[in-house]
Structures are given as structure tokens and as C-alpha cells.
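**Student:** From just these sequences and the hints, can you work out the full model?
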Amino acid sequence: MRFRYKDWFDGHSWSAGIFEFGDGRDQESTSEAINAWYGVYLWGLATGNTDVRDLGRLLLAQEIRSAQKYWHIASPDAIYDAPFDSHGSVGILWTSKVDFVTFFGPTAEKVIGIQVLPVTPITEGLCR
Numbered sequence: 022m023r024f025r026y027k028d029w030f031d032g033h034s035w036s037a038g039i040f041e042f043g044d045g046r047d048q049e050s051t052s053e054a055i056n057a058w059y060g061v062y063l064w065g066l067a068t069g070n071t072d073v074r075d076l077g078r079l080l081l082a083q084e085i086r087s088a089q090k091y092w093h094i095a096s097p098d099a100i101y102d103a104p105f106d107s108h109g110s111v112g113i114l115w116t117s118k119v120d121f122v123t124f125f126g127p128t129a130e131k132v133i134g135i136q137v138l139p140v141t142p143i144t145e146g147l148c149r
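Residue 46 in the working numbering sits at position 25 of the sequence shown, and the numbers go up by one each step.
What the hints contain is simulated information worked out from the structure, not anything from laboratory work.
Even glycine gets a Cβ: it sits at the ideal position worked out from N, Cα and C.
Take these hints with a grain of salt, some might be off.
Unchecked claim - The calculated label-pair distances, taken between Cβ atoms and stated as ranges, are:
(1) D72 <-> A103: 39 to 49 Å
(2) D75 <-> A103: 37 to 47 Å
(3) E41 <-> L66: 34 to 44 Å
(4) W64 <-> A95: 23 to 33 Å
(5) F24 <-> V137: 20 to 30 Å
(6) F124 <-> T68: 29 to 39 Å
(7) L66 <-> G126: 31 to 41 Å
(8) N70 <-> D31: 42 to 52 Å
(9) G38 <-> G60: 13 to 23 Å
(10) K118 <-> R86: 14 to 24 Å
As the list claims (entries may be wrong) - Computed list of lysine-lysine pairs in BS3-like fashion (alpha-carbon distance at most 25 Å, straight line):
(11) K118 <-> K131
(12) K131 <-> K90
(13) K118 <-> K90
(14) K131 <-> K27
**Tutor:** Here it is, written out as C-alpha cells:
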């Protein structure tokens, strides 16, 4: 897939692209998508390819903005009702709902961890 399941309309990636589950498409790890685009940016920077570098910057900026809007819930942001407004994070964003859970467990450490790990230099731009 050329743009890692990027949804240009929604501004973020979907983990399985156009494949839908019962609740539609899903995205769990915003940090995975962000680090993918960060890698594109770094590759363009390292090779001196300004087109690749700038494409990486564009994709990265969109993914970070979407992650901060739809997954990292800043208080007071009324985008979601309880319990998401008090947790400060979404675990899985689906086409038709949000969950405070991951595919490997429902604890806060897992839900928040999947949105942040791995910690790389771009994490500072992701976490406000």
C-alpha cells in the first residue's frame, strides 16, 4: 500500500486499510502510524530527497493532528462522552465507535502505551 492505509479524508491511517470488521475500520496504534511517517521524513532527509522528506512531513503532520484530536483527549474537549473525557485517551477508534481497550488488554497502561510507544524523538511532537 503506497500510503500505509492512509485515509486522506479522515486524516489518519486505518490499521487494516479498507478491510472492515463488525464496527467498521479501526486504528489502535497512533504512534505506529506516526513513526512510519517519521521514518519517511527521516529517509528523505538522510538521502537529500526533498520530495520524500516533504511527503513524510505532510503525512506526519496529518497523523499527529488526527491523533491529538481523536485519540489523545485534552481536557476539556467534548469530542467524546465519559469515560473517554476522564481517561484522556482512546484505545481503538472504529468507524462507528470508540473503545477504551486494546486488542491485547483493557488496562489504562496498555491503552495509553499503545498510543505512545515506541518513544522516539517525534514523540515530543505527538504528546502535548
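**Student:** Which numbered conditions among the earlier hints are violated in the structure presented, ordered from lowest to highest?
**Tutor:** Failing hint: just 8.
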